[in-house]
Amino acid sequence: MHELSIAYEINSIIDQYVKAEQKKFIKSVRIKIGKLQNILPDSLIFCFETISASGNSPGPKLEIEQVPITVECNKCGSVSEIEGFAFNCINCGDTDIKVITGNELFVKEIELFEEEKNEV
Amino acid sequence: MSLVTIERKILEKNDAIAAEIREVLRSKKIFSFNMLSSPGSGKTSLVEKAIEQLKNRIGIAVITGDVQTDLDAQRLNRLEVSVAQIVTNGGCHLEAGLVRDALNSLNMNGIQLLIIENVGNLVCPAGYDLGEDTKVVVLSTTEGDDKPLKYPAMFRNASVLIINKIDLLPYVNCSVEKIRSNALSINPHLKIFETSCTIGAGIGNWCGWIESKIYS
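Taken in order, these protein sequences are the chains called U and E. Counting along the first sequence from 1, when you hit position 107 you're at 273 in our numbering, and nothing is skipped either side. Counting along the second sequence from 1, when you hit position 109 you're at 198 in our numbering, and nothing is skipped either side.
Chain U extracted, bound-state conformation (with noise of 0.2 Å):
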């Protein structure tokens, strides 16, 4: 269950930028997770969910972007995505390859708000 420590960080990553930003407020926050990285959508949102929400006020809205394992082979230079976790050439078979996209844990962007001023 490392989804929880994950949703800790990056609440602690975006805490940064509200303080930052008087007066803003964060609506959502895109982040990007290789599938290598073993984290589940899901779980991961309902822990966000849970430790940055304050009160009744529901907090940002947390978008992930899954992002496919793609390699590069060493042998024939094909560059393909692969299914399930067969690490080897589609084109060659050739198992001498380097993992180009699949390991990406970050946080891309943050959208934020201003809260708006009520006129007495």
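Just so you know, the hints here were simulated from the structure itself, not pulled from any lab data. Among the clues, some could well be false.
[As the list claims (entries may be wrong)] Within a straight-line C-alpha distance of at most 20 Å, the following computed DMTMM-like cross-link-like pairs (lysine to aspartate or glutamate) qualify:
id : chain 1 : residue 1 : chain 2 : residue 2
1  : U       : K274      : E       : E101
2  : E       : K117      : E       : E266
3  : E       : K98       : U       : E281
4  : U       : K201      : E       : E96
5  : U       : K198      : E       : D104
6  : U       : K274      : E       : E300
Take the given structure of chain U and dock chain E to it, following the hints.
For chain E alone, kept in the frame of chain U given last:
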């Protein structure tokens, strides 16, 4: 409404601490590995065997992680090496900050080998860099030969696979050849050892590998 691009690694704090640990260990010429497996595969027994064989020639320290108890540290303390126990209180993996604190509690004078025995779990610890030189994954024959396919990230991230409890092969439905082919389909560069802590099979090869990695 505004969109702010931040592009920050989620585990940046963990990775920064891991980089510090790696630098410290390398400056002191201490080889380290992170031992990972599901619960009950025999990690602690393999560590005990390595200590018994190597402690007269190599200075050894062990950091051992457990969800709830210090039973592993009690076992290893009997072998008179430096041992630090991390109890995660339910946490399913070790993080670099925990390892740094444990390292600070150990006397590292004369240490040439640091073994980090992770919490038994084949999923969560895979993504956490602890500052080790390499990852060693242990799989016992009682777990079945399809484990590498079920937990590919762990086998992909490791450089060594120990197939343990080979003395039980006559009694379980498990093929070492299938473990090998499944693991190598995930990670063709894996170095593989077959061991049994009960009958001592393969322990010499496993310890020989450790010794070959010690800084001269």
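Going back to the hint list, which numbers does this structure go against?
2, 3 and 6
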